[in-house]
Structures are given as structure tokens and as C-alpha cells.
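Asker: Chains C and D: place on chain F using the hints.
In order, the protein sequence lines correspond to chains F, C and D.
Just so we're aligned: 94 in this note's numbering is position 94 of the first sequence, and the numbers increase by one with no gaps anywhere.
Numbers given in this note's numbering equal positions in the second sequence, counted from 1, plus 173.
Numbers given in this note's numbering equal positions in the third sequence, counted from 1, plus 465.
Partial pick of chain C residues on the chain D-facing surface, computed with a CB cut under 7 Å:
1. Asn177
2. Thr363
3. Arg364
4. Met367
5. Ser424
6. Leu427
7. Ala428
8. Tyr442
9. Val446
10. Asn449
11. Glu453
Rather than coming from a laboratory, the hints here were simulated on the basis of the structure.
From a predicted model like this one, the values you see are computed outputs, not experimental measurements.
Backbone N, C-alpha and C fix where the C-beta goes; we use that ideal spot for every residue, glycine too.
Residue strings, one per chain:
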Amino acid sequence: MSARWPTIQLTVNGRPCSVEAPPMKRLLDVLREDLRLTGTKEGCGEGECGSCSVRMDGELVNSCLIPVLQAEGATIQTVEGLAPNLESGGALHPLQEAFLQCGGAQCGICTPGMLMAAAQLIENHPHPTMAEIREGLAGNLCRCTGFMRIFESVLAAATQASDRNLEQAPHAR
Amino acid sequence: MRGNAEAHELIAPGSLAAVLDLIAAEPGVWTPIAGGTELMVAHAAGRLNSPKLVSLWGIPELRLVRAAEAEISLGAGTTFLDLRRSALIAKELPLLAKAASWIGSIANQSRATLGGNLVNGSPAADSSPALLAYDAEVEIISARASRRIPYSKFHIGYKSNALAADELLYAIHLPRRFAQHRHYLRKVGTRRAMAISKVALAATALVESGSLREVRLAAASLAAFPTRLYRVEDALSGRPIAKELIRAGRSAILAEALPIDDIRSTAEYRRRVAANLLEEFLLELLGNEERS
Amino acid sequence: MPAVPVALHCVVCYASTRAEFPAYSIMSTTATTRIVGAPVPRKEGLDKLVGRTQYVDDIKRAGMWYGATVRSTIPRGIIQSITFDPRIDWAEFTIATAADVPGKNHIQLIVADQPCLADGRVNHCDEAILLLAHPDRHKLLEAVDAVRVEYEPLPALLTIEESEKQNDIILGEDNIIKSFLLEKGDVDAASANAAHIVEGEYRTGAQEHLYIENNGMIAEWSAEDGITVWGSLQCPYYVHKTLRAVFDLPDEKVRVIQTETGGAFGGKEDFPSTLGAHAGLLAMKSGHPVKMVYDRMEDLAATTKRHPSRVRHRTAVDKDGKLLAMEIDLAIDGGAYSTLSSTVLSRATLHACGPYVCPNIRLNARAWATNTVPYGAFRGFGAPQAIFAMERHMDEIAAAIGVDPIELRRRNFLHEGDKNATEQLMREPVILDQLLDCALKESGYHAKRARYARENSKSAVKRGMGVAAFYHGSGFTGSGELYLNSLAGVDVTPDSKVRVLVSNTEFGQGTNTILTQIAAEALGIDFCDVVMAPADTAHIPNSGPTVASRTSMVVGRLIERASLQLLAMLREHAGLTDHFSREEFFAACAHYREAHGKVESLCRYEAPPGIYWDDKKYHGEAYPAYAWAIYVAQVAVDTVTYSAEVEEFWAVQEVGRVLHPVLAKGQIEGGVAQGIGYALYEKVVLKNGHMANNQMTNYIIPTAEDVPPIHVHFEEIPFRYGGFGAKGIGELPHDGPAPAILNAIRDATGIACNAIPLLPEDLFATLTARERVEEPVAL
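Same shape as in the complex, but just chain F:
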């Protein structure tokens, strides 16, 4: 049955993959079902909550809104790719480390998408202001934290290498 679907090549977390899928299948479903990368979550299916956020060719996208055909040849990074060598004793991504220390994750369901949005944010703004953090994460809804611990986590990760004052943290707008 699947022979009637095109083969789509993409690179996910550094690994070349090839899937046969209906071209309108959502990238989200290809990641979760075909590639069994279930770290990426579905919260709304309409691009509102950001739980399915992944990075595609260096940009943040909602994978629920991408027909997989449009990901042909693309490079995708999911939460599983943030700390690629974890199983072999490698390091966590600084954002993961900061979320753990600062209480950035509660129930955890928004966390994978939030981390990808935060990773994109820090790449675009290595020393983000509070306004940039708020805007960069505005597409990722979290119902547990009220965002304060998340802002603090992002600031902590971003300032790890510099000596910015953490005290200004989430208490500035």
C-alpha cells in the first residue's frame, strides 16, 4: 500500500532518513509515527500551542503545519537532537541543564517545543533581553509555570558564558 507514496529524504538530528508517506502527512506525524521520535508533542494541531515546534533548516517551525513533502531535503532538529550524545555519556544542552536547575519544566508536555523555541531564540539573540525572550517564546503555551521559571532558565543558559546579572531576570518587562 505504501508503494504509492513518494519517498521523502530528510536529515533528522544529523541522521539521513527516508520515509514513504502521503505528501500531505504532517511532519509532526512523520516524526512521531514513522521515525518514532515521540519527544515532539501535539497540543492543538493548529499552530497555536507550539508543543510540536522543531527547527527546520535553521528556523523554528510548527511541525503540525508542515506537509512532509515540503520538508524534502530539509534538516530537522527535534528535542531528541539537542543532546545527541547523551546515551554515550555526553553532555546535556545548556538549555536542558538550565531548565532542570531553574524549574523550567513542570508537567513537561510543552517542554520539548519550548526548548526548541528557546534554542532558536538563543541562536538569534545570544544575549536576549526580556522582551526578546517573551517574544521568542510567545508561540509556545505553557499552562503550568506562568513562564517565570522558563524565562529564568533561558537567561541562565544564555548567560552561562557571560556574567550578566541574573537578578534582573523575569522581573523586568
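Answerer: Frame of chain F, contents of chains C and D only:
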């Protein structure tokens, strides 16, 4: 997920010419899909009624920002993130840069295209008021020809536009003659981010010898499609900037605005807030005049 | 970015290898602790951060089918026929109806009146009528649409007002799900000569939990093992109770396993019983494991919400602002079935009079049935509704009698030795004055109010400050904890892990972390050596539901006691000495296991001494302990757009011992954000009883750009009967934001808004209602 991916065909011919040939051969059969931020939402809700779709994503001719002497041209496939990253747009078309920042979130802006926003034709479209205030033209292309029309003539009804079945929106052209204009743009949404506009107002105008000239006012969510507010423009044009202008402007916009009650707001709220936004713009002008 | 070696956080263990002091000495709740109070990493945090945590939708069972639900499209009616469109090959599907229920067709909550599947009639929109299962989930969508249900519609009651007219009776004899009368003193006599009588009516809307993970369940059935469900849920034994009844099975043939749960807030307290039964019916009938995971639209339309409320206050006050008498009429909308409404009403009743001294009270509380989706548990459980009314009303009293709202509260605060509305003696310290001082100072309240009073007239943006004072009772109400009779404890596995045995679940709030902290602390061992036993009814005792801010206080105490009991067992029977190393501890455990087969210590709930509660008169010790708080909101109202935004927020509270500083802060901040949504953004739009805005794009919750800076401050007065001194914390932060925000709006604009959610359209309507003159419109 209420849609069934297997029920839809999607192809990506890869070049503009191939897409145009395809829709010329079977007019009305193929639904173009660019960044997917609208159609994929409909797909998820089981409301996508297009069995055949053709992808415009990744076609280079559609994704560009180009400056000529008299105009700035934007490919219809330019994403809102592209617009926000353009220093040229930030400098010369600040209203458009601001409108681009209103689109959903970063993850939406990386995919949503300017052309998609216009072709979708929501009355609440974020980019439309700014484009109307800048007197934009749109370029429409098909396998047979290309044509340019004022953007103000593009929308012809609720979610309907001037495109023929074999045509695509190709580019948006913005004249470079607004450097001296005063401008205004404000959106009132359901929240600060990830919000659909309840009402938005854009304005450009020249102030000469204390009077208003070349007034362009445009709004979102005040009619069935994004539109200029010609009667308000008439009520303001040529008049000296004075307190009385506010009363004239308000009564004109209260007459011209024909919003609806819907799940996001009420008609009465939209009318009154539109009048308040106009007043805010006029008060800014008044303040500037008094200072100078 | 520089990498951080993974080893760092894996060995973050807040302990030394040798306990510094005998564990018995830490029975004092004020003792210095190593682990309790320390910011240890969240127990399951690492898995959540690397994407390997399995939520229910991430799980696939061999041969698994998918399930879907055919729902009522009308709010009330008789089902006349159900027909199946012949275009579908129904032989491929499993179809389940009420006739397939082997046991009782009712969800087992307080009163079992809610059908598992509608049987002949429907009482609300989106009520489940029929279930379908198929191996291909896409085929289900079409099939659900191909089932035609014909109804004889009956008139529907959709509001409290329609229900209380009692022209049509939809539940019981009078549409009343539950009523309470709380009376003390003589309200009429006290009101007769009062200097002031102040009246007001206050309303709150429904609110959706909007956990980011929708409700979901997987069920498997076999004749030998009975039924097993895996799912997103708060209370394994609630689901267990319903499945036992629906499938008519003995305890041991029902097994409920909680999967990692992506947010709940009460929304996975009662509803999972229904969904578990549905998935179970399809699994039993199809012979396959069946997964049912709702999409967002179905979850929003068909699952529980916070009860809407209407509270009327009539308050007698003396010339100095002392409260003399309160007459309160409290009504909540319970929806179509009883579900948990009686207990929600109870908590609303017990929080309706605020943290104040008032000698004369008459409070009539009723939960009304309507033809809407049954309202259910939601963080605060009736208290936010009642507190909104009381605290909004306090500002109206202050305005009416010309007293500063802060001063009015101060003059009436409860103190240690006072009695509250149920005449419960405040035996523990009450530090409301101190909390208030702190909140005013931290927020710069007085200086800001003075500044705004000067600046507002010149600005289109009007700013204001608002305060709410409140308490929240920890644990089940009255005798509830005695009825629950919770059992919890710890055991030690042969591979040297101490396991916490509870049915209290993790859904983001930190259960795993605080209970393992408590066990490690009490046992004098490392945090790393303690884990949670899987939340699986085959392995855990019933320590009650994960609700009512009871986990840290009630269950935490049980774990503290069970841990100390284990040490005593090891000392008595396995030679453990007062000071021991990790190796000595586990060696003693091994020794004990050889003699006794297993190492397990369980404790049963014991009420604190002197607790007396009269369920009939609503009199006595309503809660063993209260958490106390003062919240302050700084609000800006834009008169161009009529929108109110919270600019900054201060949450000052006393919650007993803070077990984990980061998690506790996270609880408060998250609750405040949800409370801000409740006040200003979140509106459930019902059209003929169906939620019309059942999409995230139309049900608006605050984003990262909308939540203001939230400042959290704790005062700690350890409660001697709570786990290491803890009281409840989870619900408290939802109580205060709405009244504080609306009070700030009143301060900013001078306008009393008495209903939430207060959307810009509502503020516009309130403001323009005062303008008499129509604005000219050009012809």
C-alpha cells in the same frame, strides 16, 4: 487531527513556470499552498476541501525583497520573518515591519508568506492595513500574462479576490514616496501575541502648512475584507489639523465601519475602538503641530 | 555554547554519605534539614527535558485499535433512533453502546447519576452516546459522521437562572444538586441597627483547564486479567472505582496505570473515569487494545470546566468598618449531572466569608443542575469563585463607607484565637497583618496609588493597585480525610532503592520530588536512593486522590511517618544503629528482608487531635490547616482599547514549611498566571449548550508576552501535622488574582466590575453604559 492526509494530493513542481503551466492546464483544480499556516490548520480541522494542492514553498522567484528607484518589490512567497529581517523594510516601510511582527509567533512567521496572507483574504489579515496605507500594488501572473492592479482592488468580497483560476499572486510593489508621510498603525487583538485582530487601523498622511493631504486610512475587521476607509479619508483630506478634525473623523469612521459580531468581539466594540484609534492618530498629529 | 557534562546533574544529590544526626530528631518540623527545603532537581525532570518521557499518546500496544465517540448535538432530548449510513462497512468496526456495559452504566463519583453512555436520553451537548473502534484512526472520523442520531428535543435549562425557576425539572425533585445552610449568630438582629448595609452581586464564568496534553487512555481487556488502562490522570483509584462498577469486576481484575500526565489542574480528576470506561468497553468488545486520545476540539467541547457562579452579598458594617453580619446567597452551575458539584459547593461555602471575623452569618449555597457539560474539579474547587465575590465586595464596602480598602481588611482580619465562619478556633499563628505589610512594601502600593491618582487624569492609560486577602483550606473538607482513610508508605527493593508507595500522582506540580525528598530526609539517606513506585494500582496502596492541596500536607506526613517507622523497624529487627552509612542502611534492609520477606512500612491517616466537624450544621474544624495570602495586582487600563493588563503582580503567602523553593515558586507563578487568565482572558462561549470557541485560537490563555513579572514571597510557619511542616500550596494561587485585578481596575477607573472574565468588550459595555449621549455618526 481530523483531516486525512491520504485524501489529498500534493505536488511540488519546483519552479514558477511549472506551477503556472499546471494551473493553466487545469484551472481551478489545484490549490496553491505556500507556508501552510492557514491551509494546514484547515486540514487538521477536517475542513480542507482541496483534493489537489500544489506547493509554492521553496520557489526562489517568489521569495525576494528587491529595491528599485521608485518602488520596493516583495515576492509573494516572502515570509514575515524575511520581512522582519530586512533593514530596508525596517527603514522605509516601518508599518509593514510592525505588521509582520504581529503574525502569530516566530514559528508562524518563519512559514507564513505575505502572498498567503493576502490570498487567504481574512478580514482580519495583519499585513493588509499597512499595505493599503502604503498604496501597494499587486502583480498577478499566469502562463499567459502578468498584470498589476492596486492592492485596494484585490479583495472583492469575503474571502474572494481578483485572481482568475489560472493566476497566482506574484509580487507586492510598494512605492518609495512615503518618507515624508506621518504614519500610524495599531492592532487590537485578543492578547499581546498569537492574536487575531479584533480591529486594526493603519494611516499615512502628509502634513503641509498645517493641513492634511494624501490621507490613506485602512482597517482590518471593519468590513468583509481589508479595505481603505475612503469616506473617512475624504472627511479629513485638505482640512487643517485642529481639534474639530477629531469629531469629524470619529463621526465619519463610525458611519463607514461595518464590522460584525463574531466569536472574538462585537461590532459595537470594533466601531468604537476604530474611532478611538483614529482619534489617537489625529491627537498625535495635533501634538506634533502644537510642538512645531 | 559550552557543554555541561551530563555527570554533573546526575549526581546532584543533596546528602552526605553519612547522616549527621539520628532521624528521630528531625520529627520536629522546625529542625534543620538536608533535603527538605533544598532545590533538588525535579525527580523526573531529566526524562522530560530530553524527550524520552512517554505520555499516553506516545505509547503503542501490539494490535492496538483506536476509539472515537459519537456525541449528542442537542442539550436535552429523547433518543429516538440511531442509524448507520450504509456507505460505511460497519463490519470493520466495533460499536459499543450502553447495552454493552456489563455492570453499572454509571460513573462512580459522589452520586452515581452520570451515565457512562447515554441510555435513551441525553442531558447535555457532547454527551457520549456511542463508541466506535477501528484499526485505522482515519476511518473513524468518517464513521462518526456517518452515525445518525434522531432526537425528540426537550426544552433545555442552560443557566442558573433558568434552573432556579424550577418550571422544568431536569434533576431530582428541584434541580438542586446540593445545598448547604451555614448559620451563626443572628443576622437580622445585627443588621437592624447597623451603620451601613452594603449589597453586591458577583459572577464568575466557566474556565477551561487547558492542560497542554489532552485527555487520553489506552485500555486492554482479557478474561483472565480483567481490565487494564493506561492514561493521563490524577486519581488512579477514582478510575479504578468506576471500572470496577462498569465492568462488574473484583478489585484485583481492574488495574489502572498512570502515564506521565501533561498537566491536569483538576481536569483529570473526574473525567478520566469516563474515558477509561469508554476505552475499556471498546477493548472488551473488540478484543484489541484500544487507544482513545481526544483532539483539542473534542477535549474542549466535551470535558469538564470550572463551575460558573453567582454570589450575592448583603453585609452589615458598623461605623468603623467592623463586619457585623453577612448574608450570602451562593449559587453555582453544576451542569447536567451531580459529579463533584456537592464538594465544590462545600469548598465554596467554606471560603465564602473570607479570612475575617464576623459574628453573624447566614449563607445559603446551592448547586443547580443545567443542561450543560457537567462542571468539574478545577484548581481551587469553588474557592476562587467565592473568594472573588468576597474580596471584590470588601472593596465595595470600603468605597461605600469611605474607608481605605486596606484598612477595612485590617480591621476585620482573623487572628490566632479567633473563630472563623464555621466557628473553627484558629489555633495556629495567623499572620495576615505581617503578610499585608510585606505585600504593601514589596509592591510599593501606597506610593504607586498616590502617583496614579496624580497621573491618571492626564493619561489615556489609567493605572491602579488592587489587593486580595484570603485563605485556602488544605486537604479534604471536614471529616473527608477520615473517610478517605489513606494508606501510604515506603518499601525497599532488593536492588537497594527506597520506593515511595502512594497513589498520588505527578502532573507537573512536583509530587515525585517532594515525596522522595521527605522520605530521604526522614530516612537519613540520599535523595538519589529514593524513587517513586510506579503509579499502578497493582503495586500501590490507596493514599487518596491527588487533589485538594493535600499531597504535601496529608500524604507528605504519611510518608514522613512511614519512613520513621521503617527506621524503627530496622533498628529493632535488623540492628541498624543511630548513625549509619548508606551501606549499613541497605545492609540492614537486606537483613530484614531475609527474615520478613519484604521491607515495607505503611501508615494510615490519623487526624490531628481535637478535630470536630458537623456535616449537617457545617460547623467545626473545616480544615486542619489554612494557607494564608495577600496578593497585589498593578493594572493598566487603556481607555483607547478598553483592555486591562496586569503590569506586575505580588504574591505573598504563608504555606507552612516550603518543601522545595523552586517548585513552590513555580506553583505560585503558574497559579497566578492561570488566575490572570481567569480574570481577563478566558471565556467559554456556549451556544445552545455547546462550547462554540473550542479551539486554542479562540479560547484565549495568557502567552509569554501576557504574563507580567510575578514576585513570590513565602513566610514559613511549619504546621506540626503536615509533611515536614508543609501545608497545601497548589490551589492557593488561583484564589487571589481575579479579585486583586478587578479591585485594581476599580482603583484605576473608579468603575466596579463585578463579573469575570472581564474582556475588553465587557469593560467597554460597562464604561459606555454610563455615557448617556450617543456619539454623532456621519450620514
